[in-house]
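Using the hints provided, position chain B relative to the given structure of chain A.
Protein chains: 2
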Amino acid sequence: MKRGARGLVSLGILLAGLSAGYVYGQANDQAWRDQGIVNLNKSPYAKLHSVPVHAVTIGDGFWGQRRKTAVEKSIPSIWQLIEAHGYVDNFRRLSKGKNVPRKGPVFTDTDPYKWIEAVAMFLQSGDRPELRMIAEQTIDEIVAVQEPSGYLDTYFQGDRVKDRLLPATLDYGHEDYSLGHMLQSAIAYYRATGDRKFLDAATRFADYIARDFGPDKKPFLAGHPVIEMGLVELYRTTGDQRYLDLAGYILNGDPRIERPPYRVMYTFSGIPFTERTHMQGHAVRAMYACSGATDYYLETGDPKYWRTLENLWQDTVNTKMYITGGLGARWEGEAFGDAYELPNARSYAETCAAIGGVMWNWRMLAATGDARFTDVLERMLYNAVNAGMSLDGKLYCYVNPLETSGKVDPDRHGSGGTIRNPWYDVLCCPPNIERTLGALPGYMYSTSPDGLYVHLYDNSRLDWHLQDGTGLKVEQKTGYPWDGNVEITVSPATEKEFTLYVRIPGWTKGTKVRTTTQASLEGGKPGSYLAIRRSWKPGDKVQLEFDMTARLIASNPKVQENARKVALQRGPLIYCLEQPDQPENVSVADMAISPDQKGRFRTEHRADLLGGITVVHYQGLAYEPASAQEPLYGAVQPETKRSGREVELTFIPYYAWANRQASAMRVWIPYAQGE
Amino acid sequence: MKRGARGLVSLGILLAGLSAGYVYGQANDQAWRDQGIVNLNKSPYAKLHSVPVHAVTIGDGFWGQRRKTAVEKSIPSIWQLIEAHGYVDNFRRLSKGKNVPRKGPVFTDTDPYKWIEAVAMFLQSGDRPELRMIAEQTIDEIVAVQEPSGYLDTYFQGDRVKDRLLPATLDYGHEDYSLGHMLQSAIAYYRATGDRKFLDAATRFADYIARDFGPDKKPFLAGHPVIEMGLVELYRTTGDQRYLDLAGYILNGDPRIERPPYRVMYTFSGIPFTERTHMQGHAVRAMYACSGATDYYLETGDPKYWRTLENLWQDTVNTKMYITGGLGARWEGEAFGDAYELPNARSYAETCAAIGGVMWNWRMLAATGDARFTDVLERMLYNAVNAGMSLDGKLYCYVNPLETSGKVDPDRHGSGGTIRNPWYDVLCCPPNIERTLGALPGYMYSTSPDGLYVHLYDNSRLDWHLQDGTGLKVEQKTGYPWDGNVEITVSPATEKEFTLYVRIPGWTKGTKVRTTTQASLEGGKPGSYLAIRRSWKPGDKVQLEFDMTARLIASNPKVQENARKVALQRGPLIYCLEQPDQPENVSVADMAISPDQKGRFRTEHRADLLGGITVVHYQGLAYEPASAQEPLYGAVQPETKRSGREVELTFIPYYAWANRQASAMRVWIPYAQGE
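Going down the list, the sequences are from chains A and B. Here our numbering is used: the first residue of the first sequence is 90, the next is one more, and so on. Here our numbering is used: the first residue of the second sequence is 90, the next is one more, and so on.
I should point out that these hints are in silico values taken from the structure, not numbers from a laboratory. From a predicted model like this one, the values you see are computed outputs, not experimental measurements. There may be inaccurate statements among the hints.
A few chain A positions that, by computed beta-carbon distances, are all more than 12 Å from chain B [unchecked claim]:
id, residue
1, E230
2, E430
3, L698
No farther apart than 25 Å at their CA atoms in a straight line, the calculated lysine to any residue pairs in the SDA-like style are these [said to hold, decoys possible]:
id, chain 1, residue 1, chain 2, residue 2
4, A, K496, B, P646
5, A, K496, B, Q403
6, A, K192, B, R352
7, A, K496, B, P349
8, A, K601, A, T692
9, A, K192, B, E347
FRET-style restraints, in silico, Cβ to Cβ [what the hints assert, rightly or not]:
id, chain 1, residue 1, chain 2, residue 2, range
10, A, K496, B, E576, 47 to 55 Å
11, A, A715, B, A751, 54 to 62 Å
12, A, N130, B, H367, 55 to 63 Å
13, B, A173, A, Q750, 42 to 50 Å
14, A, T638, B, R695, 50 to 58 Å
15, B, A751, A, E421, 15 to 23 Å
16, A, D149, B, P361, 54 to 62 Å
17, A, K496, B, P714, 37 to 45 Å
18, A, E172, B, P361, 36 to 44 Å
19, B, D514, A, K187, 41 to 49 Å
Beta carbons are placed, not taken as given, at the ideal position from N, Cα and C, and that holds for glycine.
Okay, chain A solo, but in the shape it has when bound:
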């Protein structure tokens, strides 16, 4: 009863806050509301500051539709499954003595944590009483399990107390991972509601670790990085230096814990982060470690960290990233492969790894204001991440291949032979997508001392302020990414000189930019922010016109599977051929694309297809005879080229694949030139 009452009280506070109608988002003593997805307001090495999620309202459009699906379909349905699989009972059996066995893998506590974080992100955009109530009840279930010491991990309470927090347990047991997600979730929930209960519990657990573990105390290890991000964010939230120091200690590795080289490589932890020279091991761990290390850099400015981060980033984007932004070439170890090892059908490209990539690039962007990070972030968001949730919001990809014959190994993660599934016992991906879509408004803008950065384009309204406190509203009207026109209306509270940094994506060519006062602006270099410095009056407009002509992309010849193949990109979207869209009796496996010639692309917006997409038609060949009828190996006949009949290829955006019957799909298509 008491709990329910408190819940109603804090709900009241929240609703009051939401309905207060902040004028330009300031003059607000509720500091918890304005901290962004990462709170960089006091980070000395952050060039950019975050804009809180609540300050950006995404309207009808590309992401509005996906976010609606996430909050109305995905979040409720995955909750039912989390409950049905006993992952909340894992708490109840300890606090309420519910007589059920513990269920699922060692790290199941993080699934409710991430789910609450997803809810918290959406609550920052507006109330969802039914979700908030579940979140609040679940927080109570969680906190009820916490021991007086602060310890909280359902796997190591009860039967396995003696194993907890030992070096070997930290290597494999995911206690560090649970605490990391608990911190991220609790901070997000606090930023959504001002309610400290979950935050206080997570802080108590962090305090316990900070008190007993460290250089002159017991050794600690991040067996699955994420705690580094959590601790730095706790430092940003509380100002308590101990958490930053603990993050630094963990990033540095404790030499007292000896582990086989394979684990050090696989976990991306245990040796000084600054000794890493290339991307390797478990892709999600690597991305979370790099994100945490960037957080640490943003607070400390340690140049060794920056050099390492820059090297690792170059290694990733130049040799180990799929064109979709997917990360992790290997099924073995869910891991990065060697340089240029990017198989298509056997890609792993775990959804969570791309989400980790978004987190990392967001932090690298904050440190520099450099558009190359936003380019990668956008690539990942629209393609590798977005593909992870079905159009109806109820099925998820764990792995994201760039090619399939339509048949999926039945031994894939709990897949039962399908690529999209409602549930995985290792549930990391679904709530991870939900929290990313929930946080999305927070990725659209940043502030700098001299103005505002516009990172992403979608129908939306910003209601925030410049760093000097001047209120600022910005409205975007656009059909992006289906069309390339974006109208940005800039309305400072009063006329004000500042710089508007408008992102010109790296994939663009010849972007036209004009403002209310200038018919044509120079300098819109692809892969940069165009700095428009002027005195802005309320209602001033910037018009962007991106050339959305589809383009064929080749890869480095060292990517063996893509040799002499091309992919199709239109705007930020990578496209693919999926069997249902192709002419009858032509297998996707036998289709080739004709050389790029002006006017051969034909785009068509199909509101009726796959939630509304722009398809691209293109001239190509259907090879004859079909390759299935050819021998595995045969002598080259130099005078003979593969022949075929002309067919029209129809491409759909990669993110929309596998939403119909299981069928063949491929991103990289043979380029018929020269055959």
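Showing chain B alone in chain A's frame:
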């Protein structure tokens, strides 16, 4: 003392046998000597009968050199390491109470077994007293451990008695695998020496299984197939039907043992063999299961078996075999991939899988006399198997990639970052290569009711007889595979009409065949046996002239990594580019091959290089700029072709790679046509 004395006695018998100078290999009551690598003399569904190993003497030449290395370097050096790693002590600690811990994985007993088998195969070609003495002593060490029941497995004696032969143990514990190898080794040793001690011990273990396990007894399972081959060969050796029935029961799977689908797939066991529809799972297990199933077919003629075997073979050679004959695309599970999934740098292609492929194709050949099986056997033998042992005989490949940058994952099987290693804790491959090279003479010929089949070409002498008992000597003189001329001298004891089946390999074109009496013979169709029926007089000759012009081979476009690439084949040998042979400052990764034009190949025999090889020079391109300097993804410039400067490419046989410093290598080379 007693043992030593007996050893000397049986050694004496052996030497007497060897020196008796059989006239045409018959009139011999020592039946054990004449049973071949598999004894098909009474197998009702064998079209061909084996010729014993001792009947063929391989002289100086390609295989003579490799066999000399195997018996003089590899076998002695690997024995020292088997001892040093305690794999024989695993027996001594039980029989002699030697106070050492058990060493190595669960299946280490099979390493001495396979080593003894390798020795036994070489003993069939002539005495090696020092090796025979070690083998004999080791057999005593082994037999001393056997329990009165017949049970013998060092892992499950002593501490783990309670676990033995339980369904879960059979799934993972390799007791079945140990018995299978024990049977193969003991039979080979018996066929080499007539000594029954090891054979009797293996038979006692088999009797124990046959007595207690079966349809109406306790359930049995082959967690790692090989026991099927062992039991059928024991049936052939003893005539006892129980062993054949037990093999059939195991091949059929016992439905009482329930296992997850993944294990059934992975182990290639546990469901009726005849329900298999495609090649899948652990490649070595699959090959051994198929070999055992073919053995079973050769005895029973069950048409369901044949249909399954034919389907599986077609699936393998049409969609899942590397051009080297390597098998197993995936590191995960050391397994077959999907159809056409044949990555080059990430190929697994375990040496043992190709050896299993040789065993299987040998049995399929025996059932049919069909040269397509010999073609695959030859491909595997010269390339995938032969690459597995270094030129000095002291280093081994466990995995056999078709491409490398020269850097090897340090997390590869005990590799320490090198592709060839003297030792692997999982030691299967080295003694497996040794026993294959030891058995090689037995693969060169078969008899049929109407004559003799010549399968393989090398300098050698056959001293055997036709199935009707007519003595027959055959001598081959050739420089094969370096040159294509083979002179076969056929000498029956008296003039005799029979058919000489001369193999025309599938890779040939326009082979010239002539005999003493015929200047030119028609019908030498590639991939067939040319049947030469005539009355043969002692000293009659057949001259073969294979066209050894190097050829460029393409693969099915569905093999993604090989699209628009070619490989070079000359005779039975697949070639590769290795960095040390190329011009300075040109990376193998940037080399392309120019279109096939007459006369552009230039061959050169280099007696000084890599043990003596024929290298092939060819005109090609070195791309500029080097691919390492190009972006990972970039817009296609349709008018631009990749340009490069002309360079000479130098190819070496694939089997000889990685015998110098670690360096880049690739089999599949971009084909510059059309660029």
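In rising order, the numbers of the hints this structure does not comply with: 2, 11 and 13
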